[in-house]
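Colleague: Each chain is listed here by its residues.
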Amino acid sequence: MPYISIKDLAFKYGSETVLTHISFDIHPGDFVILTGENGAAKSTLLRNILGLLKPTNGHVTISKLNNQQQPLTIGYVPQQVASFNVGFPSTVYELVQSGRYQNGRWFKRLNQEDKEHIKSALLAVGMWDMRHKKIGDLSGGQKQRISIARTFVTDADVYILDEPTTGMDKASREAFYQLLKHSCTHHAKAVLMVTHDYNDLQQYATRHVALTRKEGTPWRCFSMDSCKELS
Amino acid sequence: MEMFFHGFMQRAFLASLSISIIAPILGLLLILRRQSLMADTLSHVSLAGVALGLLLGVNPTWTNIFIIMILAVILEYLRTIYRSYSELSVALLMSAGMAIALFLMSLDQAKTSVNITQFLFGSIVTISQEQLILLVGLSAIVALLYVIFRKPLYVLMFDEDTAFTAGLPIKRISILFNALTGVTIAVAMPIVGALLVSAIIILPAAIALRISDCFNGVILIGIFIAISGMNSGLILSYLYSTPPGASITLVFIAIFGLTLITKTFFTHFFKKPTNG
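Read top to bottom, the protein sequences are chains Y and F. With the first letter of the first sequence counted as 1, position 158 gets the number 158 in the UniProt record's numbering; the numbers rise by one all the way through. With the first letter of the second sequence counted as 1, position 15 gets the number 15 in the UniProt record's numbering; the numbers rise by one all the way through.
It is worth saying that the hints were derived from the structure and are not from the lab. On a predicted model such as this, the values are computed, not experimentally measured, just so you know. Do not rely on the hints blindly, as some may be mistaken.
Listed below are the simulated SDA-like cross-link pairs for lysine to any residue, each with C-alpha atoms no more than 20 Å apart in a straight line [what the hints assert, rightly or not]:
#: 1; chain 1: Y; residue 1: K108; chain 2: F; residue 2: D213
#: 2; chain 1: Y; residue 1: K64; chain 2: F; residue 2: G167
#: 3; chain 1: Y; residue 1: K134; chain 2: F; residue 2: F270
#: 4; chain 1: Y; residue 1: K133; chain 2: F; residue 2: F266
#: 5; chain 1: Y; residue 1: K54; chain 2: F; residue 2: I170
#: 6; chain 1: Y; residue 1: K134; chain 2: F; residue 2: R210
#: 7; chain 1: Y; residue 1: K54; chain 2: F; residue 2: D161
#: 8; chain 1: Y; residue 1: K133; chain 2: F; residue 2: I211
#: 9; chain 1: Y; residue 1: K54; chain 2: F; residue 2: Y77
#: 10; chain 1: Y; residue 1: K133; chain 2: F; residue 2: S212
#: 11; chain 1: Y; residue 1: K133; chain 2: F; residue 2: N216
#: 12; chain 1: Y; residue 1: K134; chain 2: F; residue 2: L220
#: 13; chain 1: Y; residue 1: K133; chain 2: F; residue 2: C214
#: 14; chain 1: Y; residue 1: K54; chain 2: F; residue 2: L78
#: 15; chain 1: Y; residue 1: K133; chain 2: F; residue 2: T264
#: 16; chain 1: F; residue 1: K263; chain 2: Y; residue 2: T91
#: 17; chain 1: Y; residue 1: K108; chain 2: F; residue 2: N216
#: 18; chain 1: Y; residue 1: K64; chain 2: Y; residue 2: E174
#: 19; chain 1: F; residue 1: K151; chain 2: Y; residue 2: D155
#: 20; chain 1: Y; residue 1: K133; chain 2: F; residue 2: F270
#: 21; chain 1: Y; residue 1: K134; chain 2: F; residue 2: T262
#: 22; chain 1: Y; residue 1: K134; chain 2: F; residue 2: L78
#: 23; chain 1: Y; residue 1: K133; chain 2: F; residue 2: I170
#: 24; chain 1: Y; residue 1: K134; chain 2: F; residue 2: R150
#: 25; chain 1: Y; residue 1: K134; chain 2: F; residue 2: L260
#: 26; chain 1: F; residue 1: K263; chain 2: Y; residue 2: G87
#: 27; chain 1: Y; residue 1: K119; chain 2: F; residue 2: G167
Chain Y on its own, in the form it takes in the complex (with noise of 0.2 Å):
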């Protein structure tokens, strides 16, 4: 059973269709990269994945339950991140302490382990240091790192990333790519990131879906190229 199933997806704006003919399904264990050029409308599809945007055709399934028969969590980091409110009152620890509170923890105390959860996904991104430092004080690739941590504290079932690494050196970028791809193999967990760095990405990727515009559709419309398999 899939975490998520997109069955024929078809979006416009207003009157101008921006993507026709996607579907594709993610399940446990998938690390699914989209890509496409410039304007493709991959975040577009992606907020109409999580329900932001409705689909004007098709539909976008989301099962109920995880593998282990527990509600089904979804972490997302959307596109640049680094320009979000500069003037938001909080320090890096307690943003990224915010995405724990939705396992099921908007009315209760953290415990310890959440600690250790906030804690490793901090030092993970090489931010432990900075955890005090108000979030507006941040240069655009740390911004990016603790949205990232932010992300894995909340131990989604599936992570949706629109550009996650863009800011980020190769170093940090390989081992967040690593880091992915155990959670998948290892945890379970299923990614649908979007990227530009299919090459770097061929390696940790267990499926490739390509958004391209087919010759005599309109100039901004753009559909499923193919989905591969990759590993």
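Since the structure of chain Y is provided, determine the placement of chain F on it from the hints.
Modeller: For chain F alone, coordinates are given in the frame of chain Y:
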């Protein structure tokens, strides 16, 4: 000292204490949603509620609350359809509120024009026992809701998309928030005046934002600033017979200026430069 023995001043101090608890919570949330002017809009629409109450001969606070509840839903609808231009909903409703207020007032000027002045500028002598009970109850509700919902509110204020993905009912929370802001304005307006009620809601949080780096810190410092500013303003208002709203706002502006100068001084002379 004699001012503390007057019943109306005791009520005014109690009312200001209640507003001091509510204002920084609502103020911070309004600022983070980039809706600082919403309080201004609601106060303008409140005038329509007051005018309606005076025209019908019923307590204006109740007609005001009724009008504002409807507005809270409309405001959320407009905010979602104009997501990229959330200030547009504010501008639209502000002019609509003012137009309705002026229209209703013109229907029976004898009934409305004298009393409306009191609502425009506020008056500490007008606080009734009923209004005080309403205000104390409201501050208890707002404080309790904040304590219970501070985690969902933090995520919602940081990023609505993330909040939606985390499964939060963002529409319902937004409507509840708008309604609470509206009711606060409706209840506080006779005391501080429609023209400056929004400043009293926004300024303590705006000042606290310059001081604290964390979410709860802003609220706590905001409450401290609100208590200091509102009580100092009330004392000034009593001593010099000035309008309470204006006196309180001027004290807040002075605190804001002082905070800005002090922070700039400390940043310039004591703070180490940050890397990257």
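Colleague: Could you work out which earlier hints the structure fails to respect and list their numbers in ascending sequence?
Modeller: Of the numbered hints given earlier, those the structure breaks are 1, 18, 22, 23, 27, listed in rising order.
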